[in-house]
Amino acid sequence: MNKEKLVRSIIPLIIIVLLLGSALLPLFTANITQ
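Note that my numbering has the sequence shown beginning at -17, numbered continuously upward.
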């Protein structure tokens, strides 16, 4: 595997995970506080 290809495939995954995490975090905190 080429390092550049690996990085280009990992970066979008990280962005998606961060977006999902920021979207789901309020749900988790709301469930904890209830």
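If you are wondering where the hints come from, they were derived from the structure by calculation, not from laboratory data. Take these hints with a grain of salt, some might be off.
[Claimed, not checked] Cβ-Cβ distance ranges computed for the label pairs, FRET-style:
#1 Q16 with N(-16): 30 to 36 Å
#2 N(-16) with T11: 26 to 32 Å
#3 Q16 with L(-12): 25 to 31 Å
#4 F10 with R(-10): 26 to 32 Å
#5 N13 with N(-16): 27 to 33 Å
#6 E(-14) with T15: 25 to 31 Å
#7 K(-15) with T15: 42 to 48 Å
Quick caveat: nothing in here was measured; it's all calculated off a predicted structure. The beta carbon of each residue, even a glycine, is placed where N, CA and C say it ideally should be.
Earlier hints that do not hold, by number | Hints 1, 2, 3, 5 and 6 contradicted; others consistent.
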